Amino acid sequence: MAKPPRRYWLFKSEPDVYGFAHFQKDGRTQWTGVRNYQARNLLRDEIHTGDLVLYYHSNAEPTAIVGIARVSKDAWADETQFDPKSPYYDPKATREAPRWFGVEIVPIAAMPRPVDRDALKGEPALADMMVLQRGARLSVQPVDAAHFRKVCEMGMVTVPS
Numbered sequence: 001m002a003k004p005p006r007r008y009w010l011f012k013s014e015p016d017v018y019g020f021a022h023f024q025k026d027g028r029t030q031w032t033g034v035r036n037y038q039a040r041n042l043l044r045d046e047i048h049t050g051d052l053v054l055y056y057h058s059n060a061e062p063t064a065i066v067g068i069a070r071v072s073k074d075a076w077a078d079e080t081q082f083d084p085k086s087p088y089y090d091p092k093a094t095r096e097a098p099r100w101f102g103v104e105i106v107p108i109a110a111m112p113r114p115v116d117r118d119a120l121k122g123e124p125a126l127a128d129m130m131v132l133q134r135g136a137r138l139s140v141q142p143v144d145a146a147h148f149r150k151v152c153e154m155g156m157v158t159v160p161s
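Our numbering applies: residue 1 is where the sequence shown begins, and numbers increase by one.
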């Protein structure tokens, strides 16, 4: 089976919950706990090993893209849905029919110059980037390849090959 072409994504995380510096220290993380069906479908069906991720600090001052990561493992059933002690527990989920999925990501580089929301909005080439659209609140969202490259340029990071 042919490997799907590389795609690009934006993952949101609050810096006080799981900031990029913590992620870098860990060296990898399981991106779990997503409880939105549209984001779940992206994690389960569209995001694949080798895809690249813009790591976005949301609910921060300022909100900004602070790093890039690579998907290192395709989707699997998010274990937090089965754990009654987890805030992400879902009593309707079963191992035979899981409802929620996660992927594994590894950090590639912190942005030497984080790209805040104002900078994103001020760049005409990014005008139709999903994260800038009214009501686009998904914690996992697709990013156009040209947008990914532009954000990396703005953040002073070389796009990984």
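It is worth saying that the hints were derived from the structure and are not from the lab.
Some clues are possibly wrong.
Straight-line C-alpha distance at most 25 Å; calculated DMTMM-like pairs for lysine to aspartate or glutamate [what the hints assert, rightly or not]:
hint, residue 1, residue 2
1, 121, 83
2, 150, 123
3, 12, 96
4, 121, 153
5, 25, 79
6, 85, 153
7, 73, 26
8, 25, 45
9, 73, 116
10, 92, 118
11, 73, 61
12, 150, 79
13, 150, 118
14, 85, 144
15, 3, 46
16, 3, 116
17, 150, 14
18, 73, 123
19, 150, 96
20, 121, 26
21, 92, 104
22, 73, 83
23, 85, 116
24, 121, 45
25, 150, 83
26, 12, 104
27, 73, 96
28, 85, 26
29, 85, 118
30, 12, 74
31, 25, 96
32, 73, 118
33, 12, 45
If you're wondering where the values come from, they're calculated on a predicted model, not measured in any experiment.
Hints, verified against the model:
1. 121 <-> 83: 40 Å, violated
2. 150 <-> 123: With Cα atoms ~9 Å apart, residue 150 and residue 123 stay inside 25 Å; holds.
3. 12 <-> 96: 29 Å, violated
4. 121 <-> 153: With a Cα-Cα distance of about 15 Å, the restraint between residue 121 and residue 153 holds, given a limit of 25 Å.
5. 25 <-> 79: 22 Å, holds
6. 85 <-> 153: 42 Å, violated
7. 73 <-> 26: With a Cα-Cα distance of about 16 Å, the restraint between residue 73 and residue 26 holds, given a limit of 25 Å.
8. 25 <-> 45: 29 Å, violated
9. 73 <-> 116: Not satisfied, since the Cα-Cα distance of roughly 28 Å exceeds 25 Å.
10. 92 <-> 118: 41 Å, violated
11. 73 <-> 61: With a Cα-Cα distance of about 31 Å, the restraint between residue 73 and residue 61 is violated, given a limit of 25 Å.
12. 150 <-> 79: 35 Å, violated
13. 150 <-> 118: 15 Å, holds
14. 85 <-> 144: 38 Å, violated
15. 3 <-> 46: 12 Å, holds
16. 3 <-> 116: Roughly 33 Å separates the two Cα atoms, so the pair is violated.
17. 150 <-> 14: 23 Å, holds
18. 73 <-> 123: 32 Å, violated
19. 150 <-> 96: Violated: residue 150 and residue 96 sit about 42 Å apart, past 25 Å.
20. 121 <-> 26: Violated: residue 121 and residue 26 sit about 31 Å apart, past 25 Å.
21. 92 <-> 104: Given that 25 Å is the threshold and the Cα spacing comes to 24 Å, the pair holds.
22. 73 <-> 83: 22 Å, holds
23. 85 <-> 116: 35 Å, violated
24. 121 <-> 45: 29 Å, violated
25. 150 <-> 83: At roughly 40 Å apart (the allowed maximum being 25 Å), residue 83 and residue 150 break the hint.
26. 12 <-> 104: 14 Å, holds
27. 73 <-> 96: 21 Å, holds
28. 85 <-> 26: 23 Å, holds
29. 85 <-> 118: 39 Å, violated
30. 12 <-> 74: 18 Å, holds
31. 25 <-> 96: Outside the cut-off at roughly 34 Å; violated.
32. 73 <-> 118: 33 Å, violated
33. 12 <-> 45: Roughly 19 Å between the alpha carbons, so the hint for residue 12 and residue 45 holds.
Checked against the numbered hints above, the structure breaks hints 1, 3, 6, 8, 9, 10, 11, 12, 14, 16, 18, 19, 20, 23, 24, 25, 29, 31, 32 and satisfies the rest.
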